[in-house]
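Engineer: Residue numbers (this note's numbering), protein chains in the order written: chain A, 6 to 350; chain B, 6 to 350.
Please note: incorrect hints may appear among the correct ones.
Note that the list lumps identical chains together, so a pair holds whenever it fits in one copy or between two copies.
[Said to hold, decoys possible] Calculated cross-link-like contacts (lysine to aspartate or glutamate; reagent style DMTMM-like; alpha-carbon spacing at most 25 Å):
hint : residue 1 : residue 2
1    : Lys333    : Glu268
2    : Lys315    : Asp115
3    : Lys68     : Glu44
4    : Lys315    : Glu338
5    : Lys228    : Asp319
6    : Lys252    : Asp296
7    : Lys252    : Glu66
8    : Lys87     : Glu41
9    : Lys219    : Glu338
FYI, nobody ran anything at the bench for these hints, they're computed from the structure.
2 protein chains.
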Amino acid sequence: MSTVPATNNRQYRLARRPSGLPVREDWSFTTEPVAEPEEGGVLVKTLALSLDPAMRGWMNEGKSYIAPVGIGEVMRAGGVGKVVASKSPAFAVGDVVYGTLGVQEYARLDAAALAKGGLSRIDLRVGTMTQWLNVLGMPGMTGYFGLLDVGQPKPGETVVVSGAAGAVGQTVGQLAKIKGCRAVGIAGGPAKCEWVVKELGFDACIDYKAGPVKDGLKAHCPKGVDVYFDNVGGEILDAVLTRINRKARIVICGAISQYNATEKPVGPANYLSLLVNRARMEGIVVFDNADRYGIAIAELAGYLKDGRMKSREDVVSGLETFPDALLKLFRGENFGKLVLQVAEG
Amino acid sequence: MSTVPATNNRQYRLARRPSGLPVREDWSFTTEPVAEPEEGGVLVKTLALSLDPAMRGWMNEGKSYIAPVGIGEVMRAGGVGKVVASKSPAFAVGDVVYGTLGVQEYARLDAAALAKGGLSRIDLRVGTMTQWLNVLGMPGMTGYFGLLDVGQPKPGETVVVSGAAGAVGQTVGQLAKIKGCRAVGIAGGPAKCEWVVKELGFDACIDYKAGPVKDGLKAHCPKGVDVYFDNVGGEILDAVLTRINRKARIVICGAISQYNATEKPVGPANYLSLLVNRARMEGIVVFDNADRYGIAIAELAGYLKDGRMKSREDVVSGLETFPDALLKLFRGENFGKLVLQVAEG
């Protein structure tokens with residue numbers, strides 16, 4: 006069955022590798038006709054895309070946990086869409102799905118991509134479309150497995166998370182509270198900090214723009230830091246290292262402060278605190294847990310339903326705004342999980 | 006029973022906290038009469054002292070895994086000695102013992118120190134006096150528990166260790182070989198590298214003075230690095246971070262390159278390799294394993310006996326040479342575990 010619309014597909018492609026913050030010249034905005042899906046494949050209309058700090062890393066050359074986006078290729082992005090044409094028995098027209106759709110209005114996925122689990126049906130009764138890109142999507146999975154598997158928080162311990170008002174941070178702090186921990190966020194500006202405490206129920210939030218993070222940690226983590234979930238790197242990671250407890254666990258999830266560095270990034274000068282405190286710093290990549298996403302989604306959806314977990318998304322509209330929208334992340338301008346709405350549905 | 010010698014006890018005391026490399030003015034060389042042990046205590050004549058990089062850290066003020074040496078106090082040092090007077094039922098005159106004797110010719114240990122396990126009898130048939138400060142002493146324990154518990158090497162994996170010709174490094178590399186791993190050392194100069202390979206049986210040794218460590222790792226770790234046991238920190242740690250495998254374990258044992266830094270130490274700029282590789286960096290402090298030293302000593306003594314493990318000590322003689330002898334460590338001038346011989350026995 007096929008209902009391929011007689012329209013064009015607009016796409017953002019990587020024109021060149023950026024140095025520092027991506028600029029308009031790093032992108033090409035292209036248009037091509039929407040094509041039929043291949044035999045065994047589907048055509049998905051993009052509804053909303055997830056904009057994530059990790060995208061900056063995908064634009065760089067070199068070995069990483071995932072291949073870089075090639076020059077001339079459509080920029081990689083996860084998103085929610087609707088199946089508009091299907092030559093696959095696994096998906097029907099009208100299915101709402103999550104997958105790596107790319108920064109484009111229509112995504113064609115072939116049989117091989119589908120066989121690798123490249124597309125999954127989502128249920129909008131369990132969470133809204135934007136929640137499926139947030140708590141129930143990659144950020145939620147990252148927070149869930151990073152905190153629970155690597156951070157291993159025990160009731161009564163203190164969990165600190167940077168980027169607390171961001172996508173991953175929301176989940177981490179609220180989940181820490183649910184697991185019986187003291188949750189302390191680090192975020193930029195009074196509005197985010199107030200929201201994190203008053204709406205999400207963190208015990209405290211340190212405004213890194215208002216004063217030294219070290220002082221905030223002293224004030225709000227009187228028993229030290231047992232788990233630090235790091236999304237930012239740089240000076241904040243270094244400050245937390247001075248306050249960790251014996252056998253502390255530091256989850257290295259990201260380092261948004263370093264992603265656009267044009268010089269060599271700054272390492273954590275206080276890393277010997279790991280030695281003094283017999284502590285651990287460990288990196289995570291969410292994709293390693295793909296076989297357990299279902300478990301995490303079921304648990305997190307339960308918390309959304311019973312009100313123990315809330316979410317906030319910062320929605321920007323229009324595919325054409327992508328280059329500027331992405332920069333909001335690196336300027337700390339997004340308030341909640343940043344989502345690019347591409348179509349109404 | 007008491008046979009307190011009618012002589013003086015010469016001691017090195019910390020006169021002030023050093024800035025950078027310790028200089029003569031940081032020490033005071035004092036003399037006091039040898040005194041009777043207290044009731045329940047013992048008097049030990051120092052035979053040989055262990056000189057370790059960690060001593061530099063003990064001279065600094067501030068919270069660490071152990072209290073700093075106070076100004077005016079005898080410098081802390083582990084050593085082997087002979088009991089010359091005993092008012093404790095646990096020790097007899099003539100017993101050869103290991104304990105924290107301090108940089109002095111005679112150490113008085115009171116009942117409280119003995120109750121905490123501050124002194125243990127050693128058997129010179131199992132290892133020589135200097136081996137009891139090396140493979141069978143704190144460096145050996147550090148290498149054993151750091152490698153096995155934190156590094157968790159599996160047969161066929163590649164283990165890299167810096168300071169390979171030093172006290173901890175010798176044990177780590179040889180133990181890695183015994184456990185079925187490829188062992189690659191990093192050391193300074195051709196003599197040390199040759200000894201590590203030809204005498205100790207490492208598969209390779211990279212001379213960090215001869216060229217970029219990164220190139221050496223490429224050449225000698227064709228399958229990447231699974232375990233890195235770090236004694237040095239700084240640029241070498243950063244270089245190894247670029248060559249680690251997925252799920253690699255980095256054991257942070259020390260950072261001799263940073264101990265005398267007068268500016269803020271340099272952090273590992275490539276630490277995000279932990280994220281890309283889902284790898285771990287974890288600190289160790291040997292004292293945490295005190296209840297299992299016996300297990301480690303039994304195993305390591307077996308390897309010494311059957312020839313699978315060798316050791317080398319660099320022995321400097323004379324208590325008075327202590328300030329200069331200690332500096333050999335930080336200049337990389339010691340070849341093997343550095344020992345200060347204080348008396349003949």
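Engineer: For Lys333 and Glu268, with the copy left unspecified, which applies at a CA distance of at most 25 Å: within, between, both, or neither?
Structural biologist: This pair counts as within: shortest intra-copy Cα distance 21 Å, inter-copy 35 Å.
Engineer: With 25 Å as the alpha-carbon cut-off, assign the pair Lys228 and Asp319 to within, between, both or neither.
Structural biologist: neither (34 Å within a copy, 44 Å between copies)
Engineer: Check Lys252 against Asp296 for me: Cα-Cα at most 25 Å, and say if that holds within a copy, between copies, both or neither.
Structural biologist: Intra 29 Å, inter 18 Å, cutoff 25 Å: inter-copy only.
Engineer: For the identical chains here, do Lys252 and Glu66 meet the 25 Å Cα criterion within one copy, between copies, both, or neither?
Structural biologist: between (36 Å within a copy, 22 Å between copies)
Engineer: Please sort Lys315 with Asp115 into within, between, both or neither, judging by C-alpha distance up to 25 Å.
Structural biologist: neither (36 Å within a copy, 60 Å between copies)
Engineer: Given a CA cutoff of 25 Å, do Lys68 and Glu44 count as a within-copy pair, a between-copy pair, both, or neither?
Structural biologist: neither (33 Å within a copy, 66 Å between copies)
Engineer: If the cutoff is 25 Å on CA atoms, where do Lys219 and Glu338 land: within, between, both or neither? Let me know, please.
Structural biologist: within (23 Å within a copy, 39 Å between copies)
Engineer: Check Lys315 against Glu338 for me: Cα-Cα at most 25 Å, and say if that holds within a copy, between copies, both or neither.
Structural biologist: Close inside one copy (20 Å), not across copies (60 Å); limit 25 Å.
Engineer: Is the C-alpha distance from Lys87 to Glu41 at most 25 Å within one copy, between copies, in both cases, or in neither?
Structural biologist: within (15 Å within a copy, 88 Å between copies)
The structure shown violates the earlier hints numbered 2, 3 and 5.
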